[in-house]
Amino acid sequence: MDQFTINLLFVGASFALYIGIAIWARAGSTSEFYAAGRGVHPVTNGMATAADWMSAASFIGMAGLIAFTGYDNSTFLMGWTGGYVLLALLLAPYLRKFGKFTVSEFIGDRFYSPTARIVAVICLIVASTTYVIGQMTGVGVAFGRFLEISNTSGLLIGACVVFAYAVFGGMKGVTYTQVAQYVVLIMAYTIPAVFISLQLTGNPIPALGLFGETAAAGGEGSVYLLQKLDQVVTELGFASYTEAHKDNLNMVLFTLSLMIGTAGLPHVIMRFFTVPKVSDARWSAGWALVFIALLYLTAPAVGAMARLNITNLMWPNGTSNEAVSVEAIQNDSEYNWMLTWQKTGLLDWEDKNGDGKIQYYNDQSDAMAAKAAENGWEGNELTKFNRDILVLANPEIASLPSWVIGLVAAGGLAAALSTAAGLLLAISSAVSHDLMKGQLTPNMSEKSELLSARIAMAVAIGVATILGLNPPGFAAQTVALAFGLAAASIFPALMMGIFSKRVNNVGAVSGMLAGLGFTLVYIFLHKGWLFIAGTNSFPDTVDGSLLGIQSTAIGAVGAMINFAVAYIVSMSTADTPQEIKDLVESVRVPAGAGGAVDH
Amino acid sequence: MADQSTHTKVAADGAGYWTANIRIIVISLIIWALVSFGFGILLRPMISGISVGGTDLGFWFAQQGSILVFLALIFFYAWRMNKLDREYGVEED
Chain D
1 MDQFTINLLF
11 VGASFALYIG
21 IAIWARAGST
31 SEFYAAGRGV
41 HPVTNGMATA
51 ADWMSAASFI
61 GMAGLIAFTG
71 YDNSTFLMGW
81 TGGYVLLALL
91 LAPYLRKFGK
101 FTVSEFIGDR
111 FYSPTARIVA
121 VICLIVASTT
131 YVIGQMTGVG
141 VAFGRFLEIS
151 NTSGLLIGAC
161 VVFAYAVFGG
171 MKGVTYTQVA
181 QYVVLIMAYT
191 IPAVFISLQL
201 TGNPIPALGL
211 FGETAAAGGE
221 GSVYLLQKLD
231 QVVTELGFAS
241 YTEAHKDNLN
251 MVLFTLSLMI
261 GTAGLPHVIM
271 RFFTVPKVSD
281 ARWSAGWALV
291 FIALLYLTAP
301 AVGAMARLNI
311 TNLMWPNGTS
321 NEAVSVEAIQ
331 NDSEYNWMLT
341 WQKTGLLDWE
351 DKNGDGKIQY
361 YNDQSDAMAA
371 KAAENGWEGN
381 ELTKFNRDIL
391 VLANPEIASL
401 PSWVIGLVAA
411 GGLAAALSTA
421 AGLLLAISSA
431 VSHDLMKGQL
441 TPNMSEKSEL
451 LSARIAMAVA
461 IGVATILGLN
471 PPGFAAQTVA
481 LAFGLAAASI
491 FPALMMGIFS
501 KRVNNVGAVS
511 GMLAGLGFTL
521 VYIFLHKGWL
531 FIAGTNSFPD
541 TVDGSLLGIQ
551 STAIGAVGAM
561 INFAVAYIVS
571 MSTADTPQEI
581 KDLVESVRVP
591 AGAGGAVDH
Chain W
1 MADQSTHTKV
11 AADGAGYWTA
21 NIRIIVISLI
31 IWALVSFGFG
41 ILLRPMISGI
51 SVGGTDLGFW
61 FAQQGSILVF
71 LALIFFYAWR
81 MNKLDREYGV
91 EED
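For the protein sequence lines, the chains are D and W, in the order given.
Here the first sequence stands for residues 1 to 599, where the numbers follow full-length UniProt numbering.
Here the second sequence stands for residues 1 to 93, where the numbers follow full-length UniProt numbering.
Hint data in this document are derived by calculation from the structure and do not stem from the laboratory.
Owing to the predicted nature of the structure, the values given are computational and were not obtained by experimental measurement.
Check each hint, because a few of them may be wrong.
[To be verified] Taking lysine-lysine and the DSBU-like style, the derived pairs with C-alpha atoms no more than 35 Å apart in a straight line are: (1) Lys83/W to Lys343/D; (2) Lys352/D to Lys83/W; (3) Lys83/W to Lys501/D; (4) Lys83/W to Lys581/D.
Working from the sequences, and respecting the hints, build out all of it.
Here's what the structure looks like:
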């Protein structure tokens with residue numbers, strides 16, 4: 001059986017499983033559609049949250065970004081896990097106590113203002129749609145590779161699958177399906193990593209193998225994996241793997257943006273509405289992070305080991321000897337993956353100096369210029385290596401058995417689909433429940449509410465697909481922008497709603513608008529308006545940017561603006577009414593979940 | 001803190017419960033920031049003398065250590081708060 005058939009078999013079997021579960025647990029009522037009838041155990045909920053959370057960005061994108069940058073992209077690891085601390089300590093138990101379905105419902109009630117609710121809905125839609133664009137990028141890469149078609153066709157097919165899938169059921173169908181998806185995706189991520197860690201370090205646990213020893217160049221003795229990696233990448237003129245090369249300000253702000261954004265994204269927060277009790281909401285965040293950490297502790301090992309493997313493949317006899325020959329790439333089975341990935345247009349090479357070898361090195365490095373001149377190299381010949389292909393190509397790079405490759409295919413799609421489905425659910429509930437039923441047509445029937453939810457899903461996926469054809473960055477980078485938007489708009493409003501009795505309707509609305517507006521404009525100034533390439537006013541680099549802060553890191557600043565504006569405006573306008581102060585009091589204590597506390 | 005009324009059930013709007021909660025949150029968040037922004041980024045040069053598997057402690061905190069601390073913090077908070085709920089008699093039925 002060839003690899004293509006095996007991939008289809010694995011992907012097909014896993015899809016049959018998810019769809020089977022979705023049909024079995026189909027949502028009947030609106031309550032089930034949005035919040036699974038509040039009957040989900042914390043461990044189950046944690047696993048579903050983890051699947052929901054770990055998207056194409058975590059699964060497909062993140063290790064690739066770490067692999068080619070090293071320490072500097074640790075920000076993704078800290079940012080996307082640290083947010084759970086904020087969620088568990090500052091939001092989850094209180095929002096569960098409040099006991100409604102959606103995030104904007106809380107904002108509308110707490111700030112006693114339909115305007116606040118609508119503004120929250122807009123913030124949610126902007127952040128979630130940006131997030132779906134990132135997912136679609138990952139979906140395109142995954143489908144493109146496994147159907148062996150171009151990235152664009154992959155994206156279009158993927159969009160249809162995501163839509164069909166998300167329309168099937170609401171939260172209840174999604175919750176149990178997502179448990180299955182978690183199992184598939186975590187196996188798909190860790191099994192190849194275990195193989196590779198064993199190959200390179202002899203340690204079956206990749207997280208420990210990262211700090212373990214590997215065979216030294218030339219086969220004599222052993223050396224720490226990270227030291228060897230530092231050595232080979234610097235010999236090729238690349239920045240060292242373990243040292244810091246980015247300024248502290250951008251690293252801190254970027255990490256903070258991801259953290260706050262995690263705690264402000266509706267599809268994650270919604271999960272905490274589905275546990276039976278307030279105390280369960282606290283545990284749920286912990287369980288979610290346990291399941292997430294299994295992947296996140298493995299990811300840096302996947303990145304480092306893949307980088308070492310790629311370098312070894314391109315320089316089979318060490319970096320000081322001859323590079324790999326074009327002939328070997330065409331004929332040797334261990335280079336097969338390069339041929340298959342070339343078809344997607346995401347990987348490419350070119351023998352620029354016509355010496356029959358492919359020299360992979362950093363042609364931007366001054367130190368390499370002399371060496372290149374001496375050896376007759378005319379630039380880096382591994383001309384294209386899209387970061388998003390690294391994880392999917394990883395088992396092939398390491399020459400692992402074909403069933404492992406099929407499993408990774410299924411896992412990558414599970415990651416992208418589960419998150420896309422969760423996000424579409426969040427967008428559709430924002431539109432149908434908050435906007436339509438909440439504001440525009442309060443008397444609409446449950447049936448038309450479900451219908452408008454599905455129409456909203458279709459529109460969202462259409463927009464995301466169009467924008468996903470020309471994404472503003474690699475999957476994980478686009479997703480990082482979504483986090484910045486959520487950080488700047490939703491999180492501050494939720495936190496102030498719980499921790500301050502003084503912040504009022506006008507304050508919250510001004511804060512959200514200021515935070516979202518500032519962040520969105522800053523991103524568009526650097527990434528292009530509506531992410532259309534070429535319409536940006538500033539280059540998206542640290543030095544060229546408007547404030548010396550990259551667009552991916554600006555969400556943290558937007559959040560601070562949101563807090564400051566909300567506070568100042570609230571202090572200079574009327575105090576909150578007594579019933580709102582009582583509402584805040586009741587949200588703060590777990591007792592009596594379901595109704596307000598007597599005074 | 002809890003010692004002022006551990007055995008008396010206070011009213012549900014008891015300021016003591018909330019103050020105690022805020023104190024636990026603040027301590028947890030200081031640790032949260034210390035391991036990630038501190039050891040992982042800003043204070044990395046200060047602890048670079050401690051080597052871990054071919055690199056330094058700051059690299060470990062940035063890539064793995066902070067995640068493990070985050071986990072411990074969330075479970076500690078859940079355990080501590082569920083205990084605090086009972087001390088103040090504000091737990092759910």
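Quick one: which hint numbers does this structure break? Sort them smallest to largest. 1 and 2
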